[in-house]
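Asks: Chain residues, written in single-letter form:
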Amino acid sequence: MGRTLAEKVWEQHVVRRAEGEPDLLYIDLHLIHEVTSPQAFDGLRMAARTVRRPELTIATEDHNVPTVLGPISDPVSRTQVETLRKNAAEFGIRLHPMGDAGQGVVHIIGPQFGLTQPGMTIVCGDSHTSTHGAFGAIAFGIGTSEVEHVLATQTLPAYRPKTMAIEVKGELPVGVTAKDLILAIIAKIGTGGGQGYIVEYRGEAVRKLSMEGRMTVCNMSIEAGARAGMIAPDETTFEYLRGRPHAPEGESWDRAVEYWKTLRTDDDAEFDKVVEIDASTLTPFVTWGTNPGQGAPLGSAVPAPEQFGDPVERSAAERALEYMGLTAGTPLREIQVDTVFVGSCTNGRIEDLRAAAEILRGRKVVTRTLIVPGSMGVKKAAEEEGLHEVFKAAGAEWREAGCSMCLGMNPDTLKPGERSASTSNRNFEGRQGKGGRTHLVSPQVAAATAVTGRLTAPADL
Amino acid sequence: MDAFTTHTGRAVPLRRSNVDTDQIIPAVWLKQVSRTGFEKGLFAAWREDPSFVLNDPVYEGASILVSGPDFGTGSSREHAVWALQQYGFRVVIASRFGDIFRNNSTKMGLLPVILPEDVVERLQDAAEADPKTEITVDLAERQVRSGDLVASFEIDDYTRWRLMEGLDDIGLTLRHADAIEEYENGRQPWLPTTV
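Going line by line, the protein sequences match chains D and U.
According to the numbering used here, the first sequence holds residues 1 to 461 in order.
According to the numbering used here, the second sequence holds residues 1001 to 1195 in order.
Hints are supplied without guarantee of correctness; some may be wrong.
Listed next, the in silico DSSO-like pairs over lysine-lysine satisfying Cα-Cα at most 30 Å (straight line) [stated by the list, open to error]:
id: 1; chain 1: D; residue 1: K392; chain 2: D; residue 2: K415
id: 2; chain 1: D; residue 1: K434; chain 2: D; residue 2: K188
id: 3; chain 1: D; residue 1: K434; chain 2: U; residue 2: K1040
id: 4; chain 1: D; residue 1: K434; chain 2: U; residue 2: K1031
id: 5; chain 1: D; residue 1: K434; chain 2: D; residue 2: K392
id: 6; chain 1: D; residue 1: K380; chain 2: D; residue 2: K364
id: 7; chain 1: U; residue 1: K1031; chain 2: D; residue 2: K86
id: 8; chain 1: D; residue 1: K415; chain 2: U; residue 2: K1040
id: 9; chain 1: D; residue 1: K273; chain 2: D; residue 2: K162
id: 10; chain 1: D; residue 1: K188; chain 2: D; residue 2: K380
id: 11; chain 1: D; residue 1: K86; chain 2: D; residue 2: K415
id: 12; chain 1: D; residue 1: K434; chain 2: D; residue 2: K364
id: 13; chain 1: U; residue 1: K1031; chain 2: D; residue 2: K415
id: 14; chain 1: D; residue 1: K261; chain 2: D; residue 2: K162
id: 15; chain 1: U; residue 1: K1132; chain 2: D; residue 2: K86
id: 16; chain 1: D; residue 1: K261; chain 2: D; residue 2: K8
id: 17; chain 1: D; residue 1: K380; chain 2: U; residue 2: K1031
id: 18; chain 1: D; residue 1: K188; chain 2: D; residue 2: K273
Examples of chain U residues lying across from chain D (beta carbon under 7 Å, computed) [claimed, not checked]:
id: 19; residue: S1017
id: 20; residue: A1027
id: 21; residue: K1031
id: 22; residue: V1033
id: 23; residue: R1035
id: 24; residue: M1164
id: 25; residue: L1167
id: 26; residue: I1170
id: 27; residue: H1176
id: 28; residue: A1179
id: 29; residue: Y1183
id: 30; residue: L1191
id: 31; residue: T1193
id: 32; residue: V1195
Quick caveat, the hints were computed from the structure, so don't treat them as lab data.
Quick reminder that beta carbons are idealized off the backbone N, C-alpha and C, glycines included.
Input sequences plus hints: build the corresponding full structure.
Replies: Here you go:
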């Protein structure tokens, strides 16, 4: 019987397999940031261990850095960033610190440098590591104990997750984006739907997505509970990679492409589970609740808890409406927001900024609007295209690179009761600041919302 | 990590689903570079509500958290596990867990126990009816017992053995250093390095 993409990549990385034990899996690339690594480095020091392969490791400062120029004013945050610098220097790990041209959100810079390639295993102490699966890599988030394990051994003991295919039939209608697609998928299968699985996104609509769009889809696999998301590499992938600083060159490139072309699910392979979704019926999608599965088409209304048959879902909906300050039956288009955030590892790439700029060109924002490029590389590219002038002319704030308001660790936060339309990935209670209320949206909907002050699709303008 | 064989304690019923790791430990607590002191941040936002179950003095000293489904979804922050342990929890029982949280828990010796939703609700009912109700979580027998309730749970042999022995994963892996080196010698030549 044939094998799935996930099985092929997994098997390629098994260092050791023994009956009754998890596989020992080799890790090709380990991404590090300031928040989930300090205790791991402490652990190494306490056990007098070293980093096995510093040259397969890269560090950046992203989660806890300000997005305005100048030093970090919060002393606790400063200590955390300084700790990463000390650790990177001590263990010989390449670091892109604040202000460096290569700095940025960890899941933006890996692909940007060409370090993320098909068929690799990639881990990071961050759940959105699933982003890199867009290249046909197995990429997943780990905790600090596992960060320490990878630093010390360049491997992880793990059981291979089950495989799930999400078959996206048909084409996405004009004006419907990768973000709308993944939000609709999460609403369909639920926040626990992917637990224990590696998801492979397949079908015509997926093949037509750009690499940026594919990264958006794979990024939010974790919001559906999946350990990882993958898309088989194709010409779109190879074109994106060609010429990037760490992509193979010359003969090496040819050999790599030859191998990458084998990284597809065989026709006779079987998935443990198959889910189908029809792309052609999708419209712009937003969340109304406090978990990413609580979403609905923008053209619909806030649902009534009684609509949910499952008692657990019903009580979650009741609680969500109370926290979000929403009344069942209110059209989603009537929800007023205070802040718009465009950025994050979900939607902080150049294509996302172009999409937002296209809508904001010649218009004015009526909300506080933060545009945070995912990396300094994205920032530079955007400025070369003049996008920053479009944002500033519209009245939006053009910031430095970082995770920013996606997780509210740095000073970019919502105040209690404030409401955002956000291109990030989590609408959890307090995620963007204590008491803050988050609606997850695409960059296009975010930009249109900034213009009207209510949840709005570009077509409504 | 401390070995886990069997544990008997009182339970806190947390009747919420999708208890994500941002609720367990909000991001503002993630700025610390140490491994201690996270108990103060456990459910920090929810604890501001006097009616939140952890604020009820009858549950003081409880060591088993019995939650609704999809506990520990979201962020990979292991700080969530540290916060629960440092507060005094040894076990979390739910019908579904976020994968990364469950993994992190077993690395630290916090036992995640998966039971069917109706059994979880019976345990919650019991802890609400009488907060002194004791629950025994027996890893050796893969069983949860409380009064006349006896429920079996699944956990793979390897993880169970590691928890019962309190073994350090890195030490176990380093026993296979030769296999790692051999694998490294055969890696595809075009794979990137960060230098």
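Asks: So if I understand the rule, the pair passes when the alpha-carbon distance is 30 Å or less; does D:K434 with U:K1031 pass?
Replies: The given pair, whose Cα atoms are some 16 Å apart, holds under the 30 Å limit.
Asks: Should the interface hint for U:K1031 be scored as holding, given a Cβ-Cβ cut-off of 7 Å against chain D?
Replies: At 4 Å from the nearest chain D Cβ, U:K1031 passes the 7 Å test, so the hint holds.
Asks: Can U:Y1183 be said to touch chain D, with a Cβ gap under 7 Å?
Replies: At about 4 Å, which falls below the 7 Å cut-off, the nearest Cβ of chain D leaves the hint on U:Y1183 intact, so it holds.
Asks: Hint check: D:K380 vs D:K364, CA-CA at most 30 Å. Holds or violated?
Replies: Cα-Cα ~23 Å, so holds.
Asks: Would the hint on U:V1195 be counted as holding, given a Cβ-Cβ threshold of 7 Å to chain D?
Replies: holds (5 Å)
Asks: Measure nothing beyond the straight line between the CA atoms of D:K380 and U:K1031; if it is 30 Å or shorter, mark the hint as holding.
Replies: Answer holds: D:K380 to U:K1031 is near 29 Å, not above 30 Å.
Asks: Regarding the pair U:K1132 and D:K86, is the alpha-carbon distance no greater than 30 Å?
Replies: violated (49 Å)
Asks: Take the C-alpha atoms of D:K273 and D:K162, compute the straight-line distance between them, and say whether it is at most 30 Å.
Replies: holds (8 Å)
Asks: Can the hint on U:S1017 be confirmed by a CB-to-CB distance to chain D that is less than 7 Å?
Replies: Holds, because the Cβ-Cβ distance from U:S1017 to chain D comes to roughly 5 Å (cut-off 7 Å).
Asks: Let me know if the C-beta of U:V1033 comes in closer than 7 Å to any C-beta of chain D, holds or violated.
Replies: holds (4 Å)
Asks: For the pair supplied as a hint, D:K434 and D:K188, is the alpha-carbon distance within the 30 Å limit?
Replies: At roughly 28 Å apart (the allowed maximum being 30 Å), D:K188 and D:K434 satisfy the hint.
Asks: Under 7 Å is the threshold here; is the Cβ of U:R1035 close enough to any Cβ of chain D for the hint to stand?
Replies: Constraint on U:R1035 satisfied, holds at 5 Å.
Checked against the numbered hints given earlier, this structure breaks hints 10, 11, 15, 24, 25; the rest are met.
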